[in-house]
Amino acid sequence: MTTVVRTASVTGVLAVTGFAAFCVSISVGELRVPLTDVVPAIFGAGDPAARFVVGELRLPRALAAVLVGAAFGLSGAVFQSLARNPLASPDIIGISSGASAAAVFGIVVLGWSGNGLVLLSLLGALVTAALVYALAWKQGASSYRLVLVGVGVAAALAAVTSYLLTKAQIYDVQEAVVWLTGSLNGRLWSDVRPLGLAMLVLVPMVLLLTPSLRLLQLGDETATGLGLHVERARLLLVLVAVALAAGATAAAGPVAFVAFVSAPIARRLVGSPLAIVPAALVGAVLMLVADLVARELLGTVELPVGIVTGIVGAPYLLWLLARSNRIGSGG
Amino acid sequence: MAVQTHRWRLAWLLVAVGVLVLVVLASVAVGTRSIPVGTVLDALVHPSATEDAHAVVRSLRVPRTVVGLLAGAALGLAGAVMQGVTRNPLADPGLLGVSAGASFALVLGISVLGLTGPVAYVWFAFAGAAVASVLVYGLGAIGSGGATPVKLALAGAAITAFLLSMTTAMLLLDQRTLDEYRFWSVGSVAGRDPDLIAQLGPFFAVGALLALAAGPVLNSLALGDDVARSLGRRIGLARVTAAVSVVLLVGAATALAGPIGFVGLTIPHVARAITGPDYRWVLPWSMVLAPMLLLGSDVIGRVVARPGELQVGIVTAVIGAPIFVMLVRQRRLAEL
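First to last, the sequence lines map onto chains A and B.
When we follow the working numbering, the leftmost residue of the first sequence carries the number 10, and every step to the right adds one.
When we follow the working numbering, the leftmost residue of the second sequence carries the number 107, and every step to the right adds one.
There's no promise every hint is true.
[As the list claims (entries may be wrong)] Cβ-to-Cβ under 7 Å is the rule here; a few derived chain A residues that face chain B:
id, residue
1, LYS147
2, LEU157
3, GLY161
4, ALA168
5, SER171
6, ILE179
7, ALA265
8, LEU312
9, ALA323
10, ALA331
Just so you know, these hints were derived from the structure itself, not from any lab.
Backbone N, C-alpha and C define an ideal beta-carbon position, used for all residues, glycine too.
Throw the hints in and build the complete structure from the sequences for me.
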């Protein structure tokens, strides 16, 4: 009972924090929209300049941050619960690298953009996920092999990406590097729509599959005993999680560490081993705040959001390593 | 018997050196424009100013081959020493973030501090490599478990991601540096300044001597710290010396050819498969085999993408990644 209350209150607090960050993110910028005018401007009230800036520029960007963060958070939570390993998030085991390599190929070689690019990076993510899983398979896929094979595959894909970059025009390269870092700069409605539609399908699927995930955490035999079709549930969950990571990567690039840190933070806040909705909210809040910092840190220059999450996320990974080392459960 | 074995080992090593010489000749002869071996030798022995092929050989192919030789030998040796010191079969300058440290420091030097000239870069590459390797090993080894493969690989991945974020931030603010960086960061031995090769020579030499001399100590360390100590080894000193050699070798190789992955990782395993676990032999074998891989990859890169070229870093990644996966799949790995 207390867990339910705590989960509900944490979810509530996270939602309120997220909304506050959302409003601040819309309010701050070259043209400052007073916080009290943000909500009216979203619904088309207020002076025309504010309405344009909010409706056409800031709102899609803030929505993109929310959707991307939530998608990464969900994807990380599902992966980490499935593998029962906090390291098995899509950005560590190479899935984001696959999506990036495919997307850079699309940008640089095929000259694609828009929906085609989204589909291409989805394909890249799926193929990489299948590859990593198959290569790590040896009488079962231990999470130890999964993580190491993922690191190796990611390194090889990084080489492919940097090769593609040498083949491009310098202007495309600059664009591709921004994209590779993970960025929300200049996201418009046309960028938000595909991810929004995908989330409309994927989020309900995650919520429907959450009970199966809870059973899977008890171990395969127990889950089978309780009437779960283990292999089918696992396959569906992996597909949904890969699709979420790929969709978010297509919209904003492989933003470092959001998928990796969201679920552990949510679990810690909630105090239970599985926290799906809070993980999505933590991801959204992280993206909003990191994007705000990236926008405002240098004043005139907008940094890509991935730089902020990379600088903040890497020490967290190291801290996690050091901590698990001390209690002797690392590796 | 032991003498006999050593003689055989030496003989095989000389055979390997012979093969390396052949690879070197191929590297000078093969390219967008194929040059017969006779002309190559002629260009080296009696250079003629009027002959076109001689100019290609002397000004393009030879420097490129020398870069490949030096960088390859350095990465192979550094990989073997790293694997010995960390007792970790997956240690590699690329995966463990040492190359990312060198890259970061280099970009910092060029972009923010406005350094020009290779001599200044080199010190930055060294400093970056040193700081990153200390950080990764220190963070990966905290606690009682020691530095297991997974911990080191992840500490390397984390440091790499962190440094990459900072490097990218600097590159995005400076298009000129980005344009240079993208060609350097892919890992290439082509078009390097001959003066730079000469200036880096002493670093390669000192690093290689330190690394080769570390063989007996690495053998003792392989038995565990306690045994090594009881054999009279000064472990702390040995580790520092080995680390200095790795930093010199990786720093110089990275400054010269960019971050080239997987060479330092795979070659020591091949050397071990050939000659056994004795580091006194693994080290020289790595030093001979690694340039073979690097120059061979470079030649392949010149041939497969005609009329263009594939940079050597791409080819080594394509060859090395499957070997890495194979190593991970071996069961014994976890206990090393």
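Numbered hints the structure breaks, given as an ascending list = Of the numbered hints given earlier, the structure breaks none, since each of them holds.
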